[in-house]
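Note that the protein sequences, when read in sequence, are chains A, B, C, D and E. If you read the first sequence in this note's numbering, its first letter stands for residue 1, the second for the next number, and so on. If you read the second sequence in this note's numbering, its first letter stands for residue 1001, the second for the next number, and so on. If you read the third sequence in this note's numbering, its first letter stands for residue 2001, the second for the next number, and so on. If you read the fourth sequence in this note's numbering, its first letter stands for residue 3001, the second for the next number, and so on. If you read the fifth sequence in this note's numbering, its first letter stands for residue 4001, the second for the next number, and so on.
These are computed hints drawn from the structure, not numbers from a lab. Glycine included, every Cβ here is placed at the ideal spot set by N, Cα and C. Any given hint could be a false lead.
When the alpha-carbon atoms are kept at most 30 Å apart in a straight line, the in silico DSBU-like pairs for lysine-lysine are as follows [claimed, not checked]:
(1) Lys1174(B) with Lys4442(E)
(2) Lys4059(E) with Lys4284(E)
(3) Lys3347(D) with Lys4059(E)
(4) Lys3260(D) with Lys1208(B)
(5) Lys3235(D) with Lys4084(E)
Some residues of chain B that are not near chain A, with every Cβ distance over 12 Å (derived) [said to hold, decoys possible]:
(6) Ile1031
(7) Leu1060
(8) Glu1063
(9) Pro1068
(10) Phe1078
(11) Pro1083
(12) Val1105
(13) Asp1179
(14) Leu1202
(15) Lys1208
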Amino acid sequence: MSAFKELTKGIYDQNPVFKQALGLCPTLAVSNSVENGLGMGLAATFVLVCSNVIISLIRKLVPAKIRIPVYIVVIASFVTIVDYSMNGLFHELHKSLGLFIPLIVVNCIILGRAEAFAGKNNIFLSLLDGIGMGLGFTLALVLLGTIREILGNGSFLGIPVIGASFKPVLIMILPPGAFLSIGFVMGFFNWIENRKSN
Amino acid sequence: MGVEQLFIIAVGAIFINNFVFSQFLGICPYIGVSKQLDSAVGMGAAVVFVMTLASTVTWLINEYLLQPSTKNLFFYIFSLDEPPDLSFLTTIAFILVIAALVQFVEMVIQKSSPALYKALGIFLPLITTNCAILGAALINIKKEFTFIQSIVHGSSAGIGFSIALILMAGIREKLELADIPKSMRGIPIAFIMAGLMAIAFLGFSGLKLGN
Amino acid sequence: MKDVLKIGGILLAITVIAAAALSGVYSVTKPLIEDAKQKEQDAALTVALAGADTSGIYKVENEEYVYYEGFTERERQNLIGYAFITSKYGYSSDIVTMVGVDTAGTIIGIKVLSQQETPGLGTRIAEKAYGETKTWVQKQFEGKTAMGCAVDKDGGSIISITGATISSRAVTNSVVDGYKKFNEFITKK
Amino acid sequence: MEKKLFVSSSPHITDRESVAKIMFTVIAALVPAGIGGVYFFGPKALWVILVSVLASVATEAVIQILMKKPVTVGDGSAILTGILLAFTISVQVPLWIPAVGAFFAIAVGKQVFGGLGFNPMNPALLGRAFLLASWPDYMIRFDLARPRGGHLAGIPINIDGITEATPLNVFRQLRDIYSNTTEFTGVQPDVHQQIDTLTSSYTSIKNLFIGDVGGCIGETSALLLLAGAAFLMYKRYIGWKIPFGYIGTVALLSWIFGGKTDLFSGNILFFVFSGGLILGAFYMATDMVTSPVTFRGRILFGIGCGVITVLIRQVGGYPEGVCYSILLMNLTVPLLDRWNRPKVFGKVKK
Amino acid sequence: MGFLTKRSFSGGIHPPSSKNATKNSAIITCPLPSTVVIPVSQHIGAPSKPIVEVGAAVKTGDLLTEPGGFISVPVHASISGTVKAIEPRPHPLGNDVLSIVIESDEKDEWNSSIGPQKDYLQLDKQEKIRRIRDAGIAGMGGATFPTHVKLSPPGDKPIDTFLLNGAECEPYLTSDHRLMLEQPKKIILGMQIIVSILGAQNAGIGVENNKPDAIKVLRKTIADLGLPYKVYSLPVKYPQGAEKQLIVAVTKRAVPAGGLPMDVGCVVQNVGTAMAVYEAVAEKKPLVERVVTVTGKGVKNPQNVLARIGTPYSALLEFCGGLEDNVGKIIMGGPMMGLAQASLEIPVIKGTSGLLILDEKFSKKPQEITCISCARCVDVCPMKLVPTILAKKVKYNIFDSLEKDNVLDCIECGSCAYVCPSQINLVHYIKYGKHQVMKARKKAG
Ligand SMILES: Cc1cc2nc3c(=O)[nH]c(=O)nc-3n(C[C@H](O)[C@H](O)[C@H](O)COP(=O)(O)O)c2cc1C
Ligand SMILES: Cc1cc2nc3c(=O)[nH]c(=O)nc-3n(C[C@H](O)[C@H](O)[C@H](O)COP(=O)(O)O)c2cc1C
Ligand SMILES: Cc1cc2nc3c(=O)[nH]c(=O)nc-3n(C[C@H](O)[C@H](O)[C@H](O)COP(=O)(O)O)c2cc1C
Ligand SMILES: Cc1cc2nc3c(=O)[nH]c(=O)nc-3n(C[C@H](O)[C@H](O)[C@H](O)CO)c2cc1C
Ligand code: SF4
Ligand code: SF4
Ligand code: SF4
Ligand code: SF4
Ligand code: FES
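Chain A with its partners taken away, still in its complex shape (with noise of 0.2 Å):
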């Protein structure tokens, strides 16, 4: 595969969320809002290019029986860098993600992504890979949380966007909203693909 192959797969081939169904939670729960799906997106890809490159460059010296812990702890100290920085540069944003930035070490992605790619392949290529997933990722979160801000609040990151006569669908920033969104997105792309098999 070449190298921009690996760029550019997670965007839509291989993404994350859509087509594989990994990084749910947070892709859920923060894409309320374009701005939280942006930040969320982008923390991830952080701690994914992060643990891509230090897994990759660590491969050969681990051993396979603690490959897993191994890859938690690097998962999480990159995770816990993230959190306390975003805690300190972006308080307001920090604050409506939550929970969900120390929980990025159990996001599935960071994880699956580890054992699938990065423990497999070099330094280069697991760079590619990660920024790809990463991007991958926050495409999906900023996609929903598109949906979501301007059904749901009639705006785009914070901005209104729609007529003051629009009456902003609540439930679309709600929690049902976000599992309507994602199924019906998820949908969307299954009949895109199933007319191109056809």
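Based on the hints, put chains B, C, D and E with the ligands in the right spot on chain A.
Using the frame of chain A, we list chains B, C, D and E with the ligands on its own:
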């Protein structure tokens, strides 16, 4: 007051702030293991068990190892001048402890009750990477629950998760016999269903239990 | 056995490296975080005590009561008023507000700190209407005498939100209650 | 002679019932309540019902055309969903509300699952819950400015301005004042007596029974709803297990917990006739698609609905719990059916 | 509703009885057909084997085949004449079955050994059973299970109760009803023989209470003969005549799921079978004719006809005035369980209780739509199954859990499909499901 408080925490964690429908924790296993009722019941039982245990252990770790208080064991053992603040290790410590705990539970069950192991065993490894467990542990700390409250919260959250999981599994088994449009089959319809269930669970919002 | 030692060693080494790295990060970010938390606290205070110098706000704290004093100057000069926190159960949650009053008991500013009312109904107490710059509580309370606040349904001048009288009333009554308590304390002192 | 003989498997006769016949009979049974709604709430009620029905039918037809399925709006189920949705919303909503609600009910509540018979939850109630969560400000507007339906048993409470002037909401507010969990600094002479008047006076119960109170378009008149329900029971289109299990449970629990503060003092008639209970118990909990098929399952379903309804009415975030309790119990239907399979003939207990 | 009607079972339906057209018409003997077609298999079990050759001359009652095993009965010539062919011919079950075709010599000469036998009651048990088998008797209630097998229960299943099934719960059919009115004595004497074979202490006849005349006649006959048998008047409800339902209605004993009546000490036989048993034991007369109700809107003169086995439908129908123009469907048996027939050349067999001719309007089935879970099928299933789930699983090809859902207990009574408002032919799906389960069972060994 004490017992009433516990009751409020329990009902809150099961119905009002249900992990799946309002906290968004444990969604991956919720979608992944809800295809069949039998495995949903097994998974549910495993989660309740591990979540209770994890709440207990992480609370102790936080209280006696991580928090900068006079109860901190490092403070005693190394007779430090001042209690160390190790709270930046919370995430690492918790996740490692949970992973180890699950391993340990798996071993104990395997040795002591092969039948139970057969029923729960396959679900245990899945649980390690389940954010609901870590989530419960972190919420216990964030809400500054006491030891007993943490245990009650942990087990109730597990029960709430299991209820959501089992209801979903029942419905998904039935949806196997439905004419769902092709593109919506599988995970998409599971999400739609979860959304509709979350709408129904809105009925519990605002339950006024205490005072 | 050797294997176990080796594995344990590697694991320990990695954990120690990680812990060391984290403690570094922690010491760097700790002041930042505290700063941010302070700012957040200040954000409410700057609304409640509009006009006071951001560094001229002091916390007054003792066993049973906490309030803030706001001065226009840093060095405790020119007292413009006090801020206190008050709360009351609304429709489905405790609504917590920070209220600032001047020495005569007129409300300077007010901010809802936390609430979990029905989205679209009770939550509107803390929201800005479309095109407005002030939240509902700010619009309704600023400039009013704290003691005399009451919602229109109860014959007062606070215009309650349609469909959310209960939330509106809870905020209103909590302001009155909070002020009473504050006043009691201040006069005792 | 060689004529073409039909060959098909047995049985060769049926009782000539059809889904369409059942649906249209239920629709017919709802007509009196609909007329009652228009009488009490004015001609706008008719518009709300029409918009809701049209939007349901149109949504169903359009989706079926887009998905290249046979269009089955003729079976009447979409019409019924439309009517029931309209019956559970206030006459004071803008007309796009029933349209959007009906769209959600049919599209997300029914057609994504494959259409008639496959939906796990009650579409009309999903529509209502969706609307309530999305536009609560419209959905709880029940003030008394309308032709008729303005009575609350002549309660002297200053009710004019209350958005949600329905018996259950007024009861909740009065009781909160009574037990001091809410402050009501306005002049309220005798809350104690007001509660009694509301829940036990002859006029109050009579108005509730006839439907002369605030509420949703189709829910207020117990009389007209019961007339239709009696007809449906006679035709055996609805059974007794769900409605009686449901109402019986609500009656019992309301008697126990529905008093002012002490137990065993609630007025049963008040709680049975107010809110959407009669409509919900006879026409919505009984929706066959979303209720259990087994005998014991149906009884437990009714009881479960009753328990949740009273829970929400007494301590919930809403004055009425009918909608959510039915939706929540819908979720348990597969389990109820699975765990309450009839014992096969001749199967010995173990 | 056990507490409303004393003797009954739970579930069941009340289809219109439609029996008025024929219930008052006495049994008329059908003229001899010019040819008869006698399939070698008219019962459940192994087919019998021909012992005659083409061209042979036969008399009425002559043996044509020998049993193909224990669960098998022979067939006999039902007219005298010449064997014209031995070849596969259309059979009521829908497939082609080896059949012996006899061309009538119009003399109807009977085999000379047939005639009243003295002291037949004193014969030993084995001899009675042999005569029953030699007479080729298979149950005439529809299932056509060889009667001699039913009457030889294994030693560990003592039989204390014998029930005669005169329920005739299928709509339209009146053949058993007329038989009870016109031949009560033969029926009761046949019953006496069976009771003597089984050594049962209790014996009774179950009749639906829409046939009060039959109940009266049977009671009188029993009294006249001085026998201790009871006649039970049962509420009208389909499938009152299904044996498990009949047993529970009369004795309150429930045959265990997957079990047989003998598991609760019972044997059930149809009234027609009882009469055939009498004729076999007391007259050595083989089963060569039976009463067939020819009825329905599509036939000109509905009536009860005594027809020789092997009579083609065309001959039978001609005798009943012929078909109306708008015939849509011809059914062997009743409308609930009967089989639609593809041709008029199919013959009457031992299990042909009726021939029902429906007009076109009645024959076309409306389009099946999706199940709306109305639970009507669950409420009526006399076996307490959940037909909708069984049918859905079959429709979506989920067979593995069917057996656990007790699909094999379905008696295929059709009550579920009768009431389904979505016009789903549940029995059809369930039969297919049963088939798959049996196949899987066989594979598993
Ligand atoms: C679903 C629902 C949610 C509600 N949420 C609130 C709320 O958050 N705050 C509130 O004051 N009233 C809420 N209410 C309305 C109250 O029941 C009550 O009708 C209202 O406060 C009266 O206000 P009004 O006097 O402006 O009509 C809610 C009602 C319903 C049905
Ligand atoms: C079947 C049905 C279900 C309903 N469910 C709810 C509900 O869950 N919550 C709610 O606030 N109103 C619900 N409503 C509307 C209320 O019954 C009613 O309009 C109002 O909320 C209380 O009115 P009352 O005081 O007349 O009972 C429902 C109406 C019907 C007909
Ligand atoms: C649904 C159903 C209905 C039946 N109804 C009758 C009936 O009315 N009369 C009858 O003799 N047999 C009826 N049978 C057949 C009986 O179950 C049983 O096989 C028969 O009475 C045994 O007698 P036989 O072997 O003499 O035919 C029915 C079977 C089924 C499955
Ligand atoms: C007795 C009865 C009650 C019904 N109740 C409802 C209802 O509450 N909501 C609804 O959308 N449809 C109802 N329907 C119509 C239909 O069953 C419903 O649209 C299906 O759920 C759609 O698959 C009812 C039908 C009947 C016969
Ligand atoms: S086959 Fe049918 S009609 Fe005939 S006896 Fe049995 S149930 Fe009655
Ligand atoms: S055909 Fe089978 S499933 Fe249907 S009612 Fe009869 S016994 Fe029950
Ligand atoms: S009778 Fe028909 S529609 Fe009703 S539940 Fe049974 S199969 Fe479904
Ligand atoms: S298993 Fe069912 S379908 Fe197959 S032969 Fe037997 S009864 Fe017929
Ligand atoms: S992200 Fe929560 S379980 Fe996967």
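Results of checking the hints against the structure:
Distance hint between Lys1174(B) and Lys4442(E) is fulfilled; the C-alpha atoms sit about 29 Å from each other, no more than 30 Å. Distance check on the hinted pair: Lys4059(E) and Lys4284(E) sit about 15 Å apart at the alpha-carbon level, within 30 Å; holds. For the suggested pair Lys3347(D) and Lys4059(E), the alpha carbons sit about 50 Å apart, so the restraint of at most 30 Å is broken. Taking the CA atoms of Lys3260(D) and Lys1208(B), the gap is about 16 Å. The hint holds against a cut of 30 Å.
A distance of roughly 58 Å separates the Cα atoms of Lys3235(D) and Lys4084(E); the hinted pair therefore is violated under the 30 Å criterion. The non-interface label for Ile1031(B) is inconsistent with chain A: the shortest C-beta to C-beta separation is roughly 6 Å, within 12 Å. Under the 12 Å C-beta cut-off, the non-interface status given to Leu1060(B) relative to chain A holds; the minimum distance is some 19 Å. The claim that Glu1063(B) is not at the interface with chain A holds, since no C-beta of that chain comes within 12 Å of its own (minimum 18 Å).
For Pro1068(B), the condition that its CB be more than 12 Å from all CB atoms of chain A holds, with the nearest at approximately 16 Å. Its beta-carbon lying about 23 Å from the closest one in chain A, Phe1078(B) satisfies the requirement of being farther than 12 Å from that chain. For Pro1083(B), the non-interface assignment is confirmed: its Cβ lies about 20 Å from the closest Cβ of chain A, beyond the 12 Å cut-off. For Val1105(B), the non-interface assignment is confirmed: its Cβ lies about 16 Å from the closest Cβ of chain A, beyond the 12 Å cut-off.
Non-interface call for Asp1179(B) relative to chain A: holds, since the shortest CB-CB distance, roughly 15 Å, exceeds 12 Å. For Leu1202(B), the non-interface assignment is contradicted: its Cβ lies about 7 Å from the closest Cβ of chain A, within the 12 Å cut-off. Distance to chain A confirms Lys1208(B) as a non-interface residue, since its nearest Cβ pair spans about 20 Å, more than 12 Å.
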